[in-house]
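These protein sequence lines map, in sequence, to chains A and B. Under the working numbering, the first residue of the first sequence is numbered 1, with each subsequent residue one higher. Under the working numbering, the first residue of the second sequence is numbered 1, with each subsequent residue one higher.
Please keep in mind that the hints were generated in silico from the structure rather than gathered at the bench. For clarity, every value in this text was computed on a predicted model and none was experimentally measured. Where hints are given, some of them may not hold.
[What the hints assert, rightly or not] Straight-line Cα separation of at most 30 angstroms, DSSO-like style, residue types lysine-lysine; simulated pairs:
| id | chain 1 | residue 1 | chain 2 | residue 2 |
| --- | --- | --- | --- | --- |
| 1 | B | 84 | A | 49 |
| 2 | A | 40 | B | 206 |
| 3 | B | 221 | B | 272 |
| 4 | B | 330 | A | 40 |
| 5 | B | 272 | A | 40 |
[Unchecked claim] Label-pair restraints from in silico Cβ distances:
| id | chain 1 | residue 1 | chain 2 | residue 2 | range |
| --- | --- | --- | --- | --- | --- |
| 6 | A | 118 | B | 181 | 40 to 50 angstroms |
| 7 | A | 123 | B | 296 | 45 to 55 angstroms |
| 8 | B | 159 | A | 98 | 47 to 57 angstroms |
| 9 | B | 39 | A | 153 | 15 to 25 angstroms |
Each residue gets a CB set at the ideal place from its N, CA and C atoms; glycine is no exception.
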Amino acid sequence: MTSAPHRFALIQRVLHWLMAVCVLAMLFIGVGMVSTVAPKYLPLILVHKTTGFILLVLVLIRLALRLHYGAPPLPADLSKTMKLGAGLSHQLLYGLMIVMPLLGIGMLWAAAYPVILYGGIRIPALLPQSDLMHTLLWNAHVYVGFAFFALVLLHLAAGLFHALIRRDGVFASMSLLPLRDRGTQTK
Amino acid sequence: MNQGKLPRSGLGSLVLIAAVLGGGAAAFAYTAGWLSPERLTPERMIAALTPPSGPPLGHRRNHAKGICFTGTFEANGNGAELSKARVFERGAYPALGRFNLGTADPNAVDATVRVRGLGLQIAAADGEEWRMALINPPVFAVSTPQAFHELLIASGKKDPEAMKSFIQANPEFAAFAAWAKTAPWTTSYAEDFYNGLNSFIFTDAKGGERAVRWSLVPMAKGVPVSQADLEKRGPDFLEQEIVERVRTAGPQRWTMVTTVADPGDPTADPSKAWPENRRKVEVGTLIVQRIEPERDGPCRDINFDPTVLPQGIRVSDDPFPAARSSVYRKSYDLRAAEARDYPRTETAKP
Ligand code: HEM
Ligand code: HEM
Ligand code: HEM
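I would like the entire structure built from these sequences, with the hints used as guidance.
Laid out in structure tokens, this is it:
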């Protein structure tokens with residue numbers, strides 16, 4: 001049995017899970033760091049900025065891979081609305097993965113903060129200081145961030161729904177585990 | 001395999017999915033502090049700083065009254081032995097800063113505010129920045145950010161017992177209180193000492209590390225004045241005076257003196273002075289050349305966050321810089337969003 005058409009390419013799957021872990025970490029670190037005045041605030045925000053920047057690079061690579069490899073088709077028995085919902089939500093997830101780091105970096109630029117990542121790497125500013133711009137980007141980073149978390153939860157629920165209830169191979173298409181033999185599954 | 005032997009019912013799976021979602025949302029809420037009202041957040045710190053009359057919209061949430069300056073930092077090269085930071089290499093670096101009063105009221109009467117401050121940003125040749133905010137007492141009032149929050153709460157209460165029990169619980173406050181009571185007042189921002197108080201780690205070119213604090217020592221001689229006499233000069237005397245002084249007497253200077261800790265000195269507690277005999281190194285001179293009103297000035301939109309540091313300087317085990325960074329960020333977010341309440345003169349014109 002050839003698995004290629006039923007699954008995302010290995011590199012796509014590896015990136016999906018690596019980024020899933022990082023995005024979840026980013027969301028938790030984000031709300032955790034802004035609610036503390038403890039010494040851990042500084043390492044947390046450093047990790048937040050650095051990981052966020054790396055994620056921006058990774059999502060661009062991932063999109064390129066997606067255009068190159070495509071995606072396996074969704075099960076034929078999935079309703080039209082379900083397919084549309086899956087497609088839209090995935091596009092939205094890609095969009096948010098691109099927009100969130102840009103908002104984060106832009107917000108710092110607009111506040112005239114130097115953007116310094118782990119290892120002292122400095123990202124030069126491409127925006128001038130602006131109260132209005134900072135406020136806009138800051139609010140967007142916060143509220144779009146919350147929307148991102150809600151969408152990730154929905155996406156997670158959908159993934160589990162496919163894995164546990166429909167058992168239609170959608171989860172397996174993104175799984176890192178080797179495909180299980182159909183025979184043992186139905187036993 | 002377990003899963004194979006126990007096929008989950010549809011209902012069981014739904015319950016599992018709901019539990020994962022609920023658990024995820026709860027963990028998020030917990031991490032965000034929404035379930036822990038006792039956590040000391042930047043919001044609570046700012047609430048404690050806010051006077052009963054309400055927040056100073058558009059202004060800093062503390063040290064709200066101030067005036068901008070620009071000038072240069074002339075490094076004499078002595079600091080290069082202590083830290084590899086570029087700003088310590090002999091040369092002149094652009095400086096931008098703000099003289100200010102330690103109050104949440106942007107319209108405070110100068111003579112009613114004991115603590116004066118100075119925010120400073122020095123830019124290295126390659127654009128790297130060093131920011132700091134220093135104050136005139138020789139020690140900080142308390143040992144921890146938590147204690148600072150308690151001090152704000154206690155001093156905001158009408159009940160005199162509140163301060164008494166605070167002092168009992170935080171005996172370190174005595175040194176600051178003694179300074180506040182006995183130290184002479186001056187009639188000029190140019191005559192004040194500004195102390196960093198927090199300790200940082202300097203790393204030299206060989207990787208050697210030492211804990212330091214630094215101060216700006218005024219070259220202008222201090223003329224002591226009583227609080228009552230200062231009050232007679234008018235509510236905004238300090239700003240008028242510094243404008244006039246720089247205009248008539250020219251640039252004003254401070255020597256930057258770094259003090260190197262000995263092993264065992266209290267680096268984590270800015271309420272404890274280090275012994276007088278510690279090694280002191282003069283690393284350069286701050287020259288203030290130009291004064292500008294805050295409303296349209298270059299310091300207005302800068303957050304003098306003391307954790308914006310060049311390579312060669314990093315935070316120590318002192319818990320204050322992290323706490324300050326978190327609270328200053330929040331204060332900046334708020335005041336930038338309220339810019340309309342503190343309009344620039346250009347934009348105020350119809
Ligand atoms: C936390 C952040 C996550 C992000 C940003 C994310 C993003 C994405 C995106 C953009 C796709 C579409 C792939 C494409 O068509 O190119 C996708 C697919 C998928 N994700 Fe996630 N994901 C995350 C977490 C998860 C989790 C926790 C699960 C586990 C249930 C999961 C399961 C799946 C599955 C099964 C697919 C394949 C869907 C299909 O076949 O079209 N994802 N994910
Ligand atoms: C996938 C990328 C990212 C995600 C999911 C994310 C998420 C978040 C979240 C949830 C918050 C907390 C908002 C709040 O409750 O107030 C936050 C705050 C913040 N993030 Fe991000 N972020 C991302 C990327 C970045 C990047 C690349 C930077 C900068 C280089 C950045 C800088 C910040 C800063 C400075 C804050 C504090 C904002 C403030 O309150 O002043 N973020 N982020
Ligand atoms: C946990 C303790 C502290 C808290 C909560 C606190 C709070 C604040 C806040 C909210 C601001 C306004 C920031 C802005 O909007 O840009 C501020 C400014 C300032 N603080 Fe603190 N502060 C603390 C400790 C200190 C210490 C230890 C020093 C001095 C060594 C200091 C000196 C200053 C100065 C000089 C400014 C004015 C800076 C400027 O001109 O922008 N603060 N503080």
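Results for each hint:
no., hint, result
1, 84(B) / 49(A), "holds (25 angstroms)"
2, 40(A) / 206(B), "holds (28 angstroms)"
3, 221(B) / 272(B), "holds (26 angstroms)"
4, 330(B) / 40(A), "holds (16 angstroms)"
5, 272(B) / 40(A), "holds (23 angstroms)"
6, 118(A) / 181(B): 40 to 50 angstroms, "holds (46 angstroms)"
7, 123(A) / 296(B): 45 to 55 angstroms, "violated (28 angstroms)"
8, 159(B) / 98(A): 47 to 57 angstroms, "holds (54 angstroms)"
9, 39(B) / 153(A): 15 to 25 angstroms, "holds (24 angstroms)"
In this structure, the one hint that does not hold is number 7.
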